[in-house]
Amino acid sequence: QDELKMLRVIRRIGQETPLTVRATFLGAHAVPDRYKGNQSGYVDQIIEEMIPRVAGEKLARYVDVFCETGFFTVEETKRIFTAALRHGLRPRIHANQMDFSGGVQVAVDYGAISADHLEHTGPQEWDALAGSDTMPVLLPGATFFLEMEYARAREMIDRGLPIALATNYNPGSCPAGNMQFMMTLACLKMKMSPEEAINAATMNGAHAMDLSDSLGSITVGKKANVFITAPMPSYEYFAYAFTSPLVETIILNGKITET
1061 QDELKMLRVI
1071 RRIGQETPLT
1081 VRATFLGAHA
1091 VPDRYKGNQS
1101 GYVDQIIEEM
1111 IPRVAGEKLA
1121 RYVDVFCETG
1131 FFTVEETKRI
1141 FTAALRHGLR
1151 PRIHANQMDF
1161 SGGVQVAVDY
1171 GAISADHLEH
1181 TGPQEWDALA
1191 GSDTMPVLLP
1201 GATFFLEMEY
1211 ARAREMIDRG
1221 LPIALATNYN
1231 PGSCPAGNMQ
1241 FMMTLACLKM
1251 KMSPEEAINA
1261 ATMNGAHAMD
1271 LSDSLGSITV
1281 GKKANVFITA
1291 PMPSYEYFAY
1301 AFTSPLVETI
1311 ILNGKITET
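Per this note's numbering, the very first residue in the sequence shown carries number 1061; after that it's consecutive.
These are calculated hints, taken from the structure and not from any lab test.
C-beta atoms are modelled at their ideal positions from N, C-alpha and C, and glycine is treated no differently.
There could be a bad hint or two in this list.
Restricting the straight-line Cα-Cα distance to at most 20 Å, the calculated cross-link-like pairs of lysine to any residue (SDA-like) are [claimed, not checked]:
no. : residue 1 : residue 2
1   : Lys1282   : Ile1311
2   : Lys1065   : Lys1118
3   : Lys1283   : Lys1118
4   : Lys1315   : Tyr1297
5   : Lys1138   : Arg1094
6   : Lys1251   : Glu1179
7   : Lys1249   : Ala1236
8   : Lys1249   : Ile1311
9   : Lys1251   : Lys1282
10  : Lys1249   : Arg1212
Simulated DEER-style distance windows between Cβ atoms [to be verified]:
no. : residue 1 : residue 2 : range
11  : Ala1236   : Glu1318   : 33 to 39 Å
12  : Asp1187   : Glu1076   : 41 to 47 Å
13  : Gly1101   : Ser1304   : 36 to 42 Å
14  : Pro1293   : Arg1068   : 31 to 37 Å
15  : Thr1309   : Ser1274   : 17 to 23 Å
16  : Met1292   : Glu1135   : 46 to 52 Å
17  : Tyr1297   : Pro1235   : 30 to 36 Å
18  : Arg1068   : Gly1191   : 33 to 39 Å
19  : Glu1215   : Ser1304   : 36 to 42 Å
20  : Lys1251   : Ser1277   : 21 to 27 Å
21  : Ser1277   : Asp1193   : 28 to 34 Å
Working from the sequences, and respecting the hints, build out all of it.
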């Protein structure tokens, strides 16, 4: 019920604000206490009860799984993704945060729109992602907060992979929703250039949300969702001055919403 309640709140945000919202059902993030010792029973509930209800009420477009050691296995992830696709919901995945979990390969095999975290990847995972429809999404804020090893963004980019950046904003592993800081971490800790960080936070981020046709760049025919900064010496300064509140004006759908 809590998962459904959150999805209903997300739907209201999309209906009552000018924000563009894409909802994801992430019931398979952790096993509730009442299912301890019966994880397969919880997976069955996700497949047989929760996904059909989410799809029936049109509460989400995507189904996500935390495919990770100690959480949900590759086989459980496959079962959940099969059910999601059967109900018209596209997969996403959180994987390879703590170990080489096999989640990247599952994401590609099932046509997931994105694969998030990816702190533990190498040539095998990169080859799987190359040429696929799955966008690698790196979450340096979570890595920073948990004091973990950063994703190998420089090597991924040098092999021709696109990269998107996101916050992973949540109270447990990244209580920070500031994309400016994510870009700073991308440049300092993952050896991305400022241009690459901007691209990852805009165009590639839009692609990871299946919104690249309407958002992500300032282009004729796309929505006028932009922000205007205070005067800066260069665009690189946005990632450099990570504690400075540089955004002065926000425009959504062509209308000024905040100054």
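Structure versus earlier hints, numbers of those that do not hold, lowest first: Going through the list in order, the structure violates hints 3, 4, 5, 8, 9, 11, 13, 14, 17, 19 and 21 and respects the others.
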